[in-house]
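Visitor: Protein chains in written order, with my numbering: chain A, 1 to 343; chain B, 1001 to 1209; chain C, 2001 to 2109; chain D, 3001 to 3627.
Don't read these hints as lab results, they were simulated from the structure. Hints may be right or wrong, so weigh each one.
As the list claims (entries may be wrong) - No farther apart than 20 Å at their CA atoms in a straight line, the calculated lysine to aspartate or glutamate pairs in the EDC-like style are these: (1) Lys2081/C <-> Asp2020/C; (2) Lys2018/C <-> Asp1098/B; (3) Lys1101/B <-> Glu2024/C; (4) Lys1026/B <-> Glu3605/D; (5) Lys76/A <-> Asp3499/D; (6) Lys316/A <-> Glu3148/D; (7) Lys84/A <-> Asp3499/D; (8) Lys84/A <-> Glu3531/D; (9) Lys2087/C <-> Glu1039/B; (10) Lys1170/B <-> Glu3605/D; (11) Lys3523/D <-> Glu3544/D; (12) Lys1026/B <-> Glu3544/D; (13) Lys1101/B <-> Asp2020/C; (14) Lys303/A <-> Asp3059/D; (15) Lys310/A <-> Glu3148/D; (16) Lys3055/D <-> Glu311/A; (17) Lys3523/D <-> Asp3495/D; (18) Lys2018/C <-> Glu1039/B; (19) Lys3186/D <-> Glu87/A; (20) Lys76/A <-> Asp3576/D; (21) Lys222/A <-> Asp295/A; (22) Lys169/A <-> Glu3148/D; (23) Lys160/A <-> Asp170/A; (24) Lys1209/B <-> Glu2049/C; (25) Lys1101/B <-> Glu2014/C; (26) Lys2081/C <-> Glu1024/B; (27) Lys1170/B <-> Asp3603/D; (28) Lys3339/D <-> Asp79/A; (29) Lys2081/C <-> Asp1016/B; (30) Lys3523/D <-> Glu87/A; (31) Lys3339/D <-> Glu87/A; (32) Lys276/A <-> Glu123/A; (33) Lys1026/B <-> Asp3603/D.
As the list claims (entries may be wrong) - With the C-beta cut set under 8 Å, the calculated list includes, among others, these residues of chain C facing chain D: (34) Asn2083; (35) Trp2085; (36) Met2089; (37) Leu2092; (38) Gly2093; (39) Val2096; (40) Thr2099.
Backbone N, C-alpha and C define an ideal beta-carbon position, used for all residues, glycine too.
Listed below, chain by chain, are the residues.
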Amino acid sequence: MVVKKSGKMLFRLLPIGLMALLLSGCGIPELSALQPRGEGAEMQLEIIKLSLWVMLFVLAIVAVIYVYVLMKFRRKSGDNTVPKQVEGNHTLEIIWTVIPILLLVVLAVPTIKTTVELADAKEAKKNEQINVTANLYWWEFEYPDKGVSTGQELVIPVGKRVAVNLTSKDVIHSFWVPALSGKTDTNPGLDNEMWLQAQEAGTYYGKCAELCGPSHALMDFKVIALEQDDYDAWLKDMKTAKEAETKQLDAKNEKNWTTGEQVYAQNCLSCHGGGKVAPSLTNFGDRQRIAGYLDHDKENLEKWIRNPQKEKQGTKMPGFSEDKISDEELSELADYLLDKKLQ
Amino acid sequence: MGHHSVPNNPVTGIPDHVEKATLEGKNKYVAFWFFLGGETTLFASLFGTYIGLHNSGAKEGLRSYDIFEMELVFIMTMLLLTSSLTSVLAMMAMKRNDVAKMKMWLIITLVLGLAFLAGEIYEFNHYYHIGHTFTSSAFGSAFYTLVGFHGAHVLFGLLWISTLLIRNWKRGITVVNAPKYYVSSLYWHFIDVVWVFIFSVVYLMGMVK
Amino acid sequence: MEKHEPQVTRNQLELEMKADRSREMQLQLISFALMIFLTLIAFGAVMAELMPHWAAGGFLVIMAIVQVYLQLYMFMHMNNKGNTWIKVMMALGIFVALTIVATLRLLIW
Amino acid sequence: MGTHTMGMPKKKSGIMDWLTTVDHKKIGILYIISGLFFLLVGGVEALMIRFQLIKPMNDFVSGELFNQLITMHGTTMIFLAAMPMLIGYMNAAVPLQIGARDVAFPFLNALGFWLFFFGGVLLNLSWFFGAAPNAGWTAYAPLSTVPESLGVDFYSLGLQISGFGTLMGGINFLVTILNMRAPGMKLMRMPLFTWTAFVASALIVFAFPPLTVGLFLLTFERLFGAHFFDPAAGGNIVIWEHLFWIFGHPEVYILILPAFGIFSEIIPTFARKRLFGYTTMVFATMLIGFLGFMVWVHHMFTVGLGPVANAIFAVATMAIAVPTGVKIFNWLFTLWGGKLTFPVAMLYSVAFIPSFLVGGMTGVMLSVAPADYQYHDSYFVVAHFHYVIVGGVVFGLFAGLYYWFPLMFGKQLNEFWGKIQFWLFFIGFHLTFFPQHILGLTGMPRRVFTYLPNQGWETMNLLSSIGAAFMGVSTIILVVSIVAALMSKEYVKRDVWGDGRTLEWTLPVPTPEYNFAQTPLVKGLDTYWLEKMAGNKTVSVSEEVGDIHMPNNSILPFVMSVGLFLAGLGFILRLDYGTVGLVIALIGLAMTLFAMFLRSWIDDEGYYIPKSVIEEDLRLEAEKEAK
Ligand code: HEA
Ligand code: HEA
Ligand code: CUA
Ligand SMILES: [Cu+2]
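Here chain A stands alone, though its shape is the one from the complex:
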């Protein structure tokens, strides 16, 4: 009875289920751990697959016994006999103790191996060292050797392991780029270390994976993998752009400033200048998203500046109402920001 009933129900649901599976497949390649684009994620998917096979094996055995038992041993109506009372069976019990142990050994050995391999950042450190600092609700990426720092978008060279040093300014967040590698927590007051590697150029989605407040869901970032040449060029451009920006805004030569620059210097620079309190906006025009998740257009940018709380509950950026920045100024400001691109 049990099996038949569930069977019927299943048949009705099966088409929907299968369709759904096909439609969403294994997720999108920028984001899915099932479509790895980096060494870390690949090693992890390998061991996920291995463990899945072990599980399916166990599942199959249990399923066979289960289905057999449920079909074979139902009480027929009118049958009031008492079955044989079996106390146990040592051989059987030994079998189902020993086999799982063996299966677990199969799983444990690569587990230990992969754990150690993933923890080894020696090679990565030689290539590049990047400091990641998580903040409510944005990411700061600093290249200490290169004197460059940026927000929201982490740029790395393709094919190389880069060492990532992680910490947080406020609460715990977690740094996760599913297509490249598993996550590591960013703990306030403590440093963590991992490495990241991308096998092909492209943009990968990053997520904050530790509850950090009302806008935890919106604390997205991107990892952009560039070919080595592009990467080097990017670093150089960033440095020049930063210097140019600093020079211009430090010049205190307000006459040369556009309205946008002026508004920016007066209202925004105090936080956005250093790149420690708020994301650096040096290359804001190149960003794919505003504040990590909004579409990168003028309308959204203006909405954001007017009332960031509405877009990201709990964010540390204050809003700028019309008494502070008029509609016209806002428009100019937005243009100015959207134009802040590397050459």
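Following the hints, put chains B, C and D with the ligands in place on chain A, whose structure we already have.
Guide: What follows is chains B, C and D with the ligands alone, placed relative to chain A:
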């Protein structure tokens, strides 16, 4: 269920092992030990926290080895150790139905406990005045929490034993009150056990630079 | 539950109990003396700075464990008959306690 | 107790009786009704969560409210629904299964219940102050120490109060099971539910104190400015995580072991066959409990404790699969060769096996540390733990409800509606939580109040939300069914299922307050079954009919708990409402202390039910039986 399942000892006039002569007594006795099993993990958590935060965030001059008053701690240790002995003596008196002796030893226990507590209050007050406070650093928070939890246990023990004494002042030793006395004395010993670790781990190790 | 042989006279019983009592008293006093002694050593070693830095922790913990053993087994009579489950639970409690302390000592940074 | 104060109890009825009762059977009912109530509350929260996530960028709730919902959902379900209901079954069944007249500490038992209840009320009161806790049920510092809203204060004090209650319950059951067994009820003759209750209670005794400490630290940090978790003053955030999980992992076994026990009662009953491998079942239970204390770091693989710690704890975690597997196979081989019937209780038990199995499998997958770097804090974990918790614990709660309902209330739940309820729940459950595995693997983090479109998550989230609706409908049917059963006048007979094996089924229905007129004499495992096989109608007894000593009812547990509740509330409000809060807190504390004082001052010797009354009961019962 039978309250007098165990016969009186003809000499003492009360059952042997009077603290667990009835089922209720036995239940209390076992339950209390299990409670102490739980207290063990409670204090382990506090000790762990303390060890993890030892000297952490403390300013120069306010580290454990700068501030601890070892003479006082030594005296307090002696007081509490002795009170553990007097509490044993009280229980031995109880088992031979010697009410007067039992009361006397318990009162001595109380006095020693009170002296210990006074020492602790003095000590805390002293630290407070030199700047080592509950909120001065993570070390301070962990220190006062651990040692304070122990102090609160001492206080509770004092209240408990004195309530028992007052309530049963005019009564003999019975199968009803004996288990109560007995578990309160177990509690008192346990407090001493915790203190042994406090003076070793917090104070003595704290003096090692 | 102890059984009393009927042929034992009251006097004999009384004597026996007295002997028991003084044996017990002796035991407790010895335990106490030991505890004091251990405490003195511990305090002395630290205050006189006799312990090398690296050995102090281990030494103090061993001293403490011996003392606690005395408390539990002498003062608190944990070894009495019928205390099997008590011992089991205390052992488990101590095991969990050690795990907790070891963790908070080693697994934070 | 010098003089036996004889006499009949005052007539027991009405609300006062429920507030003052110390009868484990009634306390069991109180636990189960309150647990069910909180299950509905947590369920409504779950439905709101699923409704918010039904489509991308939904704005049914805000991020802040969503965080409050998940926190309260998780906390309510674990602490106020699942655990209390299990303790409810322990109360309802354990003393009866071991042939006892009562638990070891009836007063403490009542106190435990009321503490849990008022702790739960305090926690949920936070909704009315618009400040429900919002840092997740794990309350990681320093998110939980931001003093901006009162929310986490309700969490820390509510759980603290209800935690004291749970601890008392744990000690009480340990002692009850060790000391109160009927003659002949050796440890290795105890029903498996009693065994699991025993091991779960031991876990409570060791696991709750670390939580107590953690909650104290959190409270001190929030209310008194301590710095345990404040890196700026030398604090360390990892301490909270350790303390929480040192408690948190054993907690999940506190939940699942009694559920295992329930299945181990139901499966033999409806297979008409003794439990296969009883002895190994007992040892597996102990082993799971023991190992449960050595694996908590698997919740912290991504914290950064280093490869050595991660590897050790990964392997330790895997080890738990072995004793759990032993159990699964023993259940299967209990079914093997049996004569199976499928009332709802059995349907849930049989459905449990594959459902829990999937959850166990994903558990072992999670324990592979490097793979967990991907799974952790993703929907894969949400899928895992709902498979074990709903497919294991909730199925167990429902199975137990259908199975023991007649024992507790003398009436039976409707089987027809029960089956509908089962199928809706079973299908809804898999539909809700299976797609979440895929969500997790394709990158969806947990605890997100919304998600952007075009990340490949739409379909699975939609399916998941539809499944939740199935469970919602099913739960409504259950509630209606319970109410209908309680209002019906159809009483059941002794041993409703006909194949009862253990002592609780030998008792008349409704069970008299003294349980056993004569303490039974236990002759082996499944003693009732043995007697039935030997042709006896009921079990042998070990004593003559005589006066029965009973504990007095008392209002003090209620008063003490209300007092602590007020104290907690006052301390929380102190920050926002100043002196008013402080006054409430002091009144509450005074109430509790005064009640404690009364308890120690007034001698409570209980009363006796005279032999004559019991003989009369026995006569009436025999008459009923003869009909
Ligand atoms: C009732 C509750 C319950 C139960 C029983 C379990 C059981 C198990 N759990 Fe689960 N778990 C939770 C509740 C539970 N869990 C919760 C609530 C969380 C999340 C908390 C949060 O973060 O909010 C969690 C999270 C969680 C994590 C952390 C994930 C993360 O956050 O990254 C891990 C990692 O190892 C884990 C592992 C396991 C394992 C190995 C078991 C094992 O006990 C399972 C054993 C069973 C089987 C394996 C099946 C039967 C066995 C056989 C048939 C034998 C053969 C099998 C093999 C050889 C594999 N669980
Ligand atoms: C015992 C534990 C338990 C139980 C039973 C459940 C049951 C359910 N849980 Fe969950 N859940 C947790 C424990 C539990 N949960 C925990 C610990 C978390 C983590 C929290 C955190 O992250 O901090 C969590 C998190 C969690 C999430 C993830 C949230 C997030 O990360 O963002 C989701 C999402 O789908 C979810 C869904 C559900 C659903 C649909 C059910 C369903 O099974 C519920 C079924 C019940 C109902 C549907 C009841 C319906 C009631 C009615 C219809 C009312 C009727 C009223 C009357 C008749 C008066 N739960
Ligand atoms: Cu940052 Cu979540
Ligand atoms: Cu766990």
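Visitor: Each hint should be assessed against the structure and marked as holding or not.
Guide: Against the structure, the hints come out as follows:
Distance check on the hinted pair: Lys2081/C and Asp2020/C sit about 16 Å apart at the alpha-carbon level, within 20 Å; holds. Pair hint Lys2018/C plus Asp1098/B holds up; C-alpha atoms about 13 Å apart against a cutoff of 20 Å. Of the supplied pair hints, the one linking Lys1101/B and Glu2024/C holds, its CA atoms being roughly 16 Å apart against a limit of 20 Å. Distance hint between Lys1026/B and Glu3605/D is fulfilled; the C-alpha atoms sit about 16 Å from each other, no more than 20 Å.
For the given pair, Lys76/A sits about 16 Å from Asp3499/D by alpha-carbon distance, which is consistent with the 20 Å threshold. Between the alpha carbons of Lys316/A and Glu3148/D the distance comes to roughly 14 Å, so the proposed pair stays at or under 20 Å and holds. At roughly 15 Å between alpha-carbon atoms, Lys84/A and Asp3499/D fall within 20 Å of each other, so this suggested pair holds. A hinted pair counts as satisfied when its Cα atoms are at most 20 Å apart, and Lys84/A with Glu3531/D qualifies at roughly 16 Å.
The straight-line distance between the Cα atoms of Lys2087/C and Glu1039/B is roughly 15 Å, inside the 20 Å bound, and the hint therefore holds. With a C-alpha separation of about 19 Å, the suggested pair Lys1170/B and Glu3605/D falls inside the 20 Å cut-off, and the hint holds. For the hint pairing Lys3523/D with Glu3544/D, the CA-to-CA distance comes to about 18 Å; that is within 20 Å, so the pair holds. With a C-alpha separation of about 24 Å, the suggested pair Lys1026/B and Glu3544/D falls outside the 20 Å cut-off, and the hint is violated.
Our distance criterion of 20 Å between C-alpha atoms is met by Lys1101/B and Asp2020/C, whose separation comes to about 18 Å. For the suggested pair Lys303/A and Asp3059/D, the alpha carbons sit about 17 Å apart, so the restraint of at most 20 Å is met. Our distance criterion of 20 Å between C-alpha atoms is met by Lys310/A and Glu3148/D, whose separation comes to about 19 Å. As the CA atoms of Lys3055/D and Glu311/A are separated by approximately 18 Å, the hinted pair is consistent with the 20 Å bound.
Taking the CA atoms of Lys3523/D and Asp3495/D, the gap is near 19 Å; set against the 20 Å cutoff, the hint holds. Between the alpha carbons of Lys2018/C and Glu1039/B the distance comes to roughly 36 Å, so the proposed pair goes past 20 Å and is violated. Our distance criterion of 20 Å between C-alpha atoms is met by Lys3186/D and Glu87/A, whose separation comes to about 17 Å. About 68 Å separates the Cα atoms of Lys76/A and Asp3576/D, which puts this hinted pair outside 20 Å; it is violated.
About 13 Å separates the Cα atoms of Lys222/A and Asp295/A, which keeps this hinted pair within 20 Å; it holds. The hinted pair formed by Lys169/A and Glu3148/D meets the criterion: a straight-line CA distance of about 18 Å does not exceed 20 Å. Among the hinted pairs, Lys160/A with Asp170/A is inconsistent with the structure: their alpha-carbon atoms are about 30 Å apart, more than 20 Å. With a C-alpha separation of about 10 Å, the suggested pair Lys1209/B and Glu2049/C falls inside the 20 Å cut-off, and the hint holds.
In summary, the hint linking Lys1101/B to Glu2014/C is supported, as the alpha carbons are separated by about 18 Å, within the 20 Å threshold. Between Lys2081/C and Glu1024/B, the direct Cα distance comes to roughly 18 Å. Compliance with the 20 Å bound is thereby established for this hinted pair. Distance check on the hinted pair: Lys1170/B and Asp3603/D sit about 14 Å apart at the alpha-carbon level, within 20 Å; holds. Our distance criterion of 20 Å between C-alpha atoms is met by Lys3339/D and Asp79/A, whose separation comes to about 8 Å.
Of the supplied pair hints, the one linking Lys2081/C and Asp1016/B holds, its CA atoms being roughly 14 Å apart against a limit of 20 Å. The straight-line distance between the Cα atoms of Lys3523/D and Glu87/A is roughly 16 Å, inside the 20 Å bound, and the hint therefore holds. Using a Cα cut-off of 20 Å, the hinted pair Lys3339/D and Glu87/A holds, with the two alpha carbons roughly 16 Å apart. For the proposed pair Lys276/A and Glu123/A, the alpha carbon gap of about 28 Å is over 20 Å, so the pair is violated.
Our distance criterion of 20 Å between C-alpha atoms is met by Lys1026/B and Asp3603/D, whose separation comes to about 18 Å. Because the smallest distance between the Cβ of Asn2083/C and any Cβ of chain D comes to about 11 Å, over 8 Å, the interface hint for this residue is violated. This hint holds: Trp2085/C has a C-beta 6 Å from the nearest C-beta of chain D, less than the 8 Å allowed. Interface hint at Met2089/C: satisfied, since its Cβ lies 7 Å from the closest Cβ of chain D, which is below the 8 Å cut-off.
Interface restraint check: Leu2092/C against chain D, minimum CB-CB distance 6 Å, threshold 8 Å, status holds. Proximity of Gly2093/C to chain D holds as hinted, the smallest CB-CB distance being about 6 Å (cut-off 8 Å). The beta carbon of Val2096/C comes within 5 Å of a beta carbon in chain D, closer than 8 Å, and the hint placing it at the interface holds. This hint holds: Thr2099/C has a C-beta 7 Å from the nearest C-beta of chain D, less than the 8 Å allowed.
In summary, the numbered hints that this structure violates are 12, 18, 20, 23, 32 and 34.
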